[in-house]
Every structure is written in C-alpha cells, then in structure tokens.
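**Q** Residue numbers (our numbering), protein chains in the order written: chain A, 191 to 424; chain B, 191 to 424; chain C, 191 to 424; chain D, 191 to 424.
You may find that some hints are simply not true.
Note: identical chains are not told apart, hence a pair may lie in one copy or across any two.
Calculated cross-link-like contacts (lysine to any residue; reagent style SDA-like; alpha-carbon spacing at most 25 Å) [unchecked claim]:
(1) Lys312 - Ala246
(2) Lys312 - Gly388
(3) Lys391 - Arg416
(4) Lys312 - Leu243
(5) Lys391 - Arg271
(6) Lys391 - Pro230
(7) Lys391 - Glu245
(8) Lys391 - Leu243
(9) Lys391 - Arg328
(10) Lys312 - Leu205
Hints were generated in silico from the structure; no laboratory data involved.
Number of protein chains: 4
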Amino acid sequence: MSGFPPPQVVDDLVLANHILSNEGVLDAFGHVSARHPTTPDRFLISQTRAPELVEAGDLARVAGAEGRPYEEVAIHAAVYRERSDVGAVVHSHAPSVIPFGVTGVPLRPIYHMGSVIGHEIKVWDIAQRFGETDLLVRAATEADDLAAALGGRTAVLMRGHGCVVTGADLRAAVFAAVYLERNATLLAASLRLGEVRGLSKAETQRASEMLRGRAGDRAWEYWVRRLPHRATNP
Amino acid sequence: MSGFPPPQVVDDLVLANHILSNEGVLDAFGHVSARHPTTPDRFLISQTRAPELVEAGDLARVAGAEGRPYEEVAIHAAVYRERSDVGAVVHSHAPSVIPFGVTGVPLRPIYHMGSVIGHEIKVWDIAQRFGETDLLVRAATEADDLAAALGGRTAVLMRGHGCVVTGADLRAAVFAAVYLERNATLLAASLRLGEVRGLSKAETQRASEMLRGRAGDRAWEYWVRRLPHRATNP
Amino acid sequence: MSGFPPPQVVDDLVLANHILSNEGVLDAFGHVSARHPTTPDRFLISQTRAPELVEAGDLARVAGAEGRPYEEVAIHAAVYRERSDVGAVVHSHAPSVIPFGVTGVPLRPIYHMGSVIGHEIKVWDIAQRFGETDLLVRAATEADDLAAALGGRTAVLMRGHGCVVTGADLRAAVFAAVYLERNATLLAASLRLGEVRGLSKAETQRASEMLRGRAGDRAWEYWVRRLPHRATNP
Amino acid sequence: MSGFPPPQVVDDLVLANHILSNEGVLDAFGHVSARHPTTPDRFLISQTRAPELVEAGDLARVAGAEGRPYEEVAIHAAVYRERSDVGAVVHSHAPSVIPFGVTGVPLRPIYHMGSVIGHEIKVWDIAQRFGETDLLVRAATEADDLAAALGGRTAVLMRGHGCVVTGADLRAAVFAAVYLERNATLLAASLRLGEVRGLSKAETQRASEMLRGRAGDRAWEYWVRRLPHRATNP
Chain A
191 MSGFPPPQVV DDLVLANHIL SNEGVLDAFG HVSARHPTTP DRFLISQTRA PELVEAGDLA
251 RVAGAEGRPY EEVAIHAAVY RERSDVGAVV HSHAPSVIPF GVTGVPLRPI YHMGSVIGHE
311 IKVWDIAQRF GETDLLVRAA TEADDLAAAL GGRTAVLMRG HGCVVTGADL RAAVFAAVYL
371 ERNATLLAAS LRLGEVRGLS KAETQRASEM LRGRAGDRAW EYWVRRLPHR ATNP
Chain B
191 MSGFPPPQVV DDLVLANHIL SNEGVLDAFG HVSARHPTTP DRFLISQTRA PELVEAGDLA
251 RVAGAEGRPY EEVAIHAAVY RERSDVGAVV HSHAPSVIPF GVTGVPLRPI YHMGSVIGHE
311 IKVWDIAQRF GETDLLVRAA TEADDLAAAL GGRTAVLMRG HGCVVTGADL RAAVFAAVYL
371 ERNATLLAAS LRLGEVRGLS KAETQRASEM LRGRAGDRAW EYWVRRLPHR ATNP
Chain C
191 MSGFPPPQVV DDLVLANHIL SNEGVLDAFG HVSARHPTTP DRFLISQTRA PELVEAGDLA
251 RVAGAEGRPY EEVAIHAAVY RERSDVGAVV HSHAPSVIPF GVTGVPLRPI YHMGSVIGHE
311 IKVWDIAQRF GETDLLVRAA TEADDLAAAL GGRTAVLMRG HGCVVTGADL RAAVFAAVYL
371 ERNATLLAAS LRLGEVRGLS KAETQRASEM LRGRAGDRAW EYWVRRLPHR ATNP
Chain D
191 MSGFPPPQVV DDLVLANHIL SNEGVLDAFG HVSARHPTTP DRFLISQTRA PELVEAGDLA
251 RVAGAEGRPY EEVAIHAAVY RERSDVGAVV HSHAPSVIPF GVTGVPLRPI YHMGSVIGHE
311 IKVWDIAQRF GETDLLVRAA TEADDLAAAL GGRTAVLMRG HGCVVTGADL RAAVFAAVYL
371 ERNATLLAAS LRLGEVRGLS KAETQRASEM LRGRAGDRAW EYWVRRLPHR ATNP
C-alpha cells in the first residue's frame, strides 16, 4: 500500500468524473486521473465504469499493476512518467474534437477561453508505428509514443479515437478538457463561415496565463452546481 | 402459444425501447425487437406505441400473424429468417443517419467506437424494385429485398426512410444503433471540415471485436442510469 | 357570444400550445388556433402569451373583433376564410425553417415522415406587395395575400419571418408543424453532404396519406408524455 | 454610499443573470449590469461569480472603484459613460456569435426578431490599438476604445472574445442579447444553404420599433418560467 489518498483529492476526482460527463466531454467512455499527492509515482483512477457513475469507492486504489482500472490506463501512466509538471490527465472521445483528428485540420485556439489548449496541438496516429490495431492504447510502448507526441504541450489528438488533455491539477485539466471541446465546436463553426483568424502565439500565452487565476474556481463552482441531483453546497 | 418469454428478455426489451428513445435514436416512431430465446422462429416486439412509452404489458405476445404489432413488423421477421446469427433488430429514423440515405455519401466508421457498424453499409431504395410507394416496408417480398441488401452486415440504410441495425443480442443491437447515430454525426461534421480518413477494414474488424467485450455492459449501465425517473438499480 | 367551446377542443388547444413549445417549434412567440366546431366562422386562439404558458382560461373567447388576441390574428382569420378544409392553423418562427425563407432554397420532403408538409412549399415575401414593413401580418389585405400564396397547400414560408402550417384538425396541424421543422433540419444537413434525392410527388402523396392514419395519435400520445411536470395520464 | 438600489432592480438583475445563463447566452463567464436608477453615474453588477449562481447578496454594492466586481467591469463603466440612453449592458461569449468575430463575416438581422440587434454591427479588435494582449478589457482606455466602436449602436463584437449588447433597460438588453444569439445561429445556418437576403435598413428599423412594445414582457415572462427550480409566480 502506498498511502490512502486525502479526502479532498477523492472528492475532486469524483466531481471531475461527473463534471466531464455533464459537460459533454465524456460519455460512457473516457477517464480522468489525478497524480497521488504524496506518492507521485502513483495516480488515482476509477475502476472500469462510465464516469457519470463513478463514486468514491471506485477510486479507492492507487493504480499501478494492482486493481482493474480502465484498459487504457497505460496512457495515464506514461504521461505522469514523462511530465513531472502534470497533476491530472483526461482521456476523452469528445465529439467536437474527433473531426480534427480524422481530417488533420489544425485545432487552434480562436478565443481567449480556448487559449488554455495551447497554441499547437499535434495529431498522433497509432498506425504510424504500430500498424492496423483496434486503436486502443494498452502497451507501454504505445503509450510512450503517444506521450512523446504530447511533448510539453497541454493536449494531443489521437486519430480515429479521441484526445489526451493534461493539467497541473484536476481543476486545470478539467478546465482545459472542457474548453478544448468548446473551442473545437467554435472553430468548426467558424471554418464553415469563412477564413478564420485565431489567437496569435503571444495572445494564447497571455490569455492562458490569465485563465490560470481565479477563473478556474469560478468555472468549477458553476459546473458543480449544474450537476443533476446534487446539493448546492458540495 | 409458443412459451412465455423469460422476465430478463422482457426487462431488457423494455429498457432497449427506453434507452433508444432517450439517446436520440428513436422518437415517436421506430421499433426494436428480440428473438424469442426458446422458440427462435418467433420474436418479441411491442404493440404499436412510441418506444419511450412501451411497458412490459405491451410486449406480452410473441409476434407472428397474431397480435397488432407495428405496421413494419415484416422487417424484423425477414431479418430473423435470413440471419440465424441475429438476436435483436432495431429499425430507426435516427436524424443523423437520414442524410446519408438521401445523398448516397458512404456512411463509414471514422473512430474506434463507430467500428461496430461495420466497414460497409449499403443504401437500399424501395423504389428500385417496388416503384413509387409510401416507403413503408409491409410485404414479405419488400422485407426480403431489404434483408438481402443487409446481407451479412450489421446495418443497412433505407433511402428516404431510415435504417435497420442488428446485433447478436439486445445489448449489441442497441450499442450498434447508438453508435451508428454517433458515427454518422461525427462523419458529417468531419466531411464539412475536409478530407476524412476513416478506419481501415482491418482496424474496423479489430476495434469491433474489442467492443464486443465488457464495453457493452459498461455502456448499458450508463444508458440505464441516464433514463429519466428511474431508480438507480433497475 | 357564439357558443362555449367543447372541453375537448379547449384541452387539445392547450396541449397543442405546450407540445409545439416543448418540441422546439414555438418559443416565446408564434401561435396555434382551432376552428370553432359549431360556429365555423369563428376560431379559438389564446390571448397574447407565450404558448408554453397558455392555460384554458387564456382561450375562453371566440376570436373575431372582440378580445385581445395576438397581433397577427389576421393570419388565422384569412386561412379559415379561404380554406374550408382547414381546422387548425400554426404560425411559427421554427429555427430550422427560417433559413429556407431567406435563401429561397426549396424546402421539400426528403423522408416519409416529412411527406406531411406536401410536395411544394412557396415562400411569401411581404415586401413584394406591401413594401418595407415591420414584417408583421396585421391587415386583412396582407393576410389574404399570404393565404393566396398558401393556396391549397399545407404550408407556406414567410421571408424573414417564419411560416404558416395547416391541418384538418389540431393534431394534424401539430404533426405537420413538427415534421416541417424536422424535415427542414434534415434537408439542411443533407444539402451540406451532397446532392439530395427527395421524395417524388407520388411518394409524397402516398406517404402523407399513410400518415393520416394512426400515426398522428401515436405521436400525440408521445408528445404529451414528454411535456414537463405533467401526469402520465392526461 | 450612493443609495440602496430599489428591490425591483435587484430582482430583475438577478433574473437577468439567470435568464441569460439558461438561454445559452452566458455560461461560467460573462456579466450583465444595470445603471443605478437614482444615481446614474453608478451601476449594479455582481461580484465575480458565474451568472447562474448570482443572488441578490452578490449585487448589494454599487460598482465603481470599491467592491470586487468582474475584472472587465471597465466595459460597463465606459458604455454607461458614453451612452446616456443605455440602462443595461451585457457582455457575453455567446457561442454562435464568436465565429462572426473571428471571420469578419457581417452579422446582420435576417428575420424580424433579429431586428433588435440593429442593421449594422462592427467587430472591434483589441490588437489594433493595444497589440498582443490576453484579450481582456481592463483599462479605461481599452474600454473607451471599445465603446467608441459600439458608437450609437446596440451591439459590438469583440474579435476572439465575445460581444457587448446594450438596452434602454434590463429587459431590453436581455432581449437583444438573446436575439443576437438566435439571429447569429440562423444566419450561420442560412449562409450554409445559399445566398442570404437579410432585412433591409428600413425593415430593421420598423421591426425593432415594433418589438419595443409588449413583446419584451411576453418574452421575459416566458424566460422566467423556463428557469429551473423556480415557482411559477416569481
């Protein structure tokens, strides 16, 4: 055993599961994890279950070899290994994001709220190194290849599959995952209208720094309140 | 009488009706059936009613000549006759699917979740053999022609009407019907962005085999929980 | 006074207001009326109020000169005058219909459910005869011109404004108004995919005759059940 | 202290926050303010909070230098300073509006309800005078520049950010903000169909004058009723 996780992290991870479902980022599939605060080579993730249904009891194991977490737990493990600055990871099939992964049209921030996704997002294609698979990322070699495509950025798309989004902590990762979805929707709508002027690299940098402030708490409070069947003071 | 159906099949068929309505696949129209588990030349289907309103009492007859099921019950009968591997059939007018049936743009899987629809889906046009009709499929000859267009595949589109989706059992058919709808939405969005790279034939095959595992139960549990006014343990 | 309306008509007209709101055809604006069953030169319509909020008390006047109904009550009066076969009228700003009115792209049925809108729908432009107005139809001369554009058809679009939909009775008019909205959504989506094959004139005729049967009651029961805060047996 | 605001203004401002959230104009971000009725150089605005969560207690300060209102309070201050005819201001990131700000495609009224946004809407770009920023409008010089781009019109778009909408009072500003969103959605859909005929300048003028009448109260009553968990007689 590597230490029981603090209640605050457990609560936030349950809420992160519910928020990402309620905001249309996750559905029956996809997952979110948080690095263990005191044993940083471990992380918390649910047993295999639709995120909307995840409860504290589903999280009560520190993932590694033990337990029976999601098949694609290797994605999370690889990102935490490669990126010491990352405290939380979301893997989703967010509908608005999929089209960018299968067309190669660059997914770029077009408004200040979208700046949290970073100025550049690459598309990783499992077929490039691993041939014709079922597209799941299970092996450490596959996950390491995906993490390499992520590099030092916030998000990476996966062709024919979905995306991975990271954050310094759970709230930051949830914020980035939601606004990746929102920005993708708005960019697609804008591209149907005409030529699009996105944020410049400096604008993206400055706006995303600004959003690291109180904005995250304000959004988190809002998303918690929007959860169905939940008391107003969680 | 050909044997009272087991409660589990009745429960699942009621839930299938409700899930397909709640997930946007069926509305006031469309229907889902299940092959009778002990008398395989019979199947269970509701009396004529909007799927969201179907209750166990609406299903308590084994369909054949008797009873007063949906006008298009011939669709189900023909598919069960032709396809001994099929245990459940969905006929829907899912909104995202209709445009592919009237334009002839191929509906193909573009992400691993969409692989369950199979690599190829044909469009059947009732007018080709039966002229200008009201587009309903009532006669056995019409239904057999539709079943022939379905062939050994999972789904077939009907021009100016909707689609038929099959599965080894109810959960598989519901899963395929939902993801046919989701994949059609995503493909249409992708085609508006640019040239689309879909799954290869081998990727489709491998991903759909993978999804035949625990994924179906995880999605079913989620869709049941999302039903309005329903206890958490159905 | 021209006779108190039967409770059944009042109930159905209240439900028609609520259903059309709940199904996205009406919002704060638009209205639905029913010809008075015993005094056919009169019709029932609500006082000025958002349709979702209409109650029986709002309908308790037979409209003509008296009362204070919607500003555009002339639309209804003109259609009932010109069309003895019409028993109910809907005027809406349904979002999916507006784009066809401002582009002139023909709104045609593309699937059997859409056949109820008829094979041809004209676009009426108030500016053609009445110049630059606020686009409301208040004067009898304006309403008569609109009714002439409607002719013997089921529906007519109004440029920069909305549409008028008719039916033999309330349930038929509601059915046509809902499927005008659905078909417009599907046609727009299809046109973005490629060249569209709509229903032929004979298919439209046959399918719309078929839908005059039990389909309307099945849909009505479903739409009533979907209303918020309503007992299951209305 | 500059006088306690009357309860009616407080009630309406709380409702305006909730309505704009519920109707999809505001989400976790954006804000709405009302000029103080007795001290017109002051205005009421919430403390920093998601609009859906705003309560009367959040508004109990007359904004100026004191209190801790939204970071972009300068937008409101500048508009009230420049426009004595304006009694309420909305700043939003309404999704359907963003694409017009980043493509430069003119956002114009295409139906009578959309006429309230005015015949012309400019796009203001903070980068033009202030270079590469985080896109927030904090300084009075920035806000004055934005107010100058607004001029005597109802609304102005902000490139890569959102928009500002004004009204003679709260209900008028809410009405304009909602229909700016609706009209943008419809215009984008229309432009995907074909060439669009919008309202003429005279039609826009006449329709918007007509909508200044009872229409606003009818819509307000409807939007209040649609709020979740609220008694029917607010």
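**Q** Hints first: check each against the structure and report whether it holds.
**A** Here is what the structure says about each hint:
1. Taking CA atoms no more than 25 Å apart as the test, Lys312 paired with Ala246 passes in neither setting, with 34 Å inside one copy and 46 Å between copies.
2. Taking the closest pair of Cα atoms, Lys312 and Gly388 come within 25 Å of each other both inside a single copy (16 Å) and across two copies (18 Å).
3. For the homomeric pair Lys391 and Arg416, neither the shortest alpha-carbon distance inside one copy (33 Å) nor that between copies (41 Å) is at most 25 Å.
4. In this assembly of identical chains, the alpha carbons of Lys312 and Leu243 never lie at most 25 Å apart, being 31 Å within a copy and 37 Å across copies at closest.
5. Taking the closest pair of Cα atoms, Lys391 and Arg271 never come within 25 Å of each other, the shortest separation being 28 Å inside a single copy and 34 Å across copies.
6. Taking CA atoms no more than 25 Å apart as the test, Lys391 paired with Pro230 passes in neither setting, with 32 Å inside one copy and 41 Å between copies.
7. For the identical chains of this complex, Lys391 and Glu245 are neighbours neither inside a copy (40 Å) nor across copies (38 Å), given an alpha-carbon limit of 25 Å.
8. Taking CA atoms no more than 25 Å apart as the test, Lys391 paired with Leu243 passes in neither setting, with 39 Å inside one copy and 34 Å between copies.
9. In this homomeric assembly, Lys391 and Arg328 come within 25 Å of each other (Cα to Cα) only across copies, at 21 Å, whereas the closest approach inside a single copy is 34 Å.
10. Taking the shortest alpha-carbon separations for Lys312 and Leu205, neither the intra-copy value of 29 Å nor the inter-copy value of 41 Å comes in at or below 25 Å.
When the structure is compared with the earlier hints, violations turn up for hints 1, 3, 4, 5, 6, 7, 8 and 10 and for no others.
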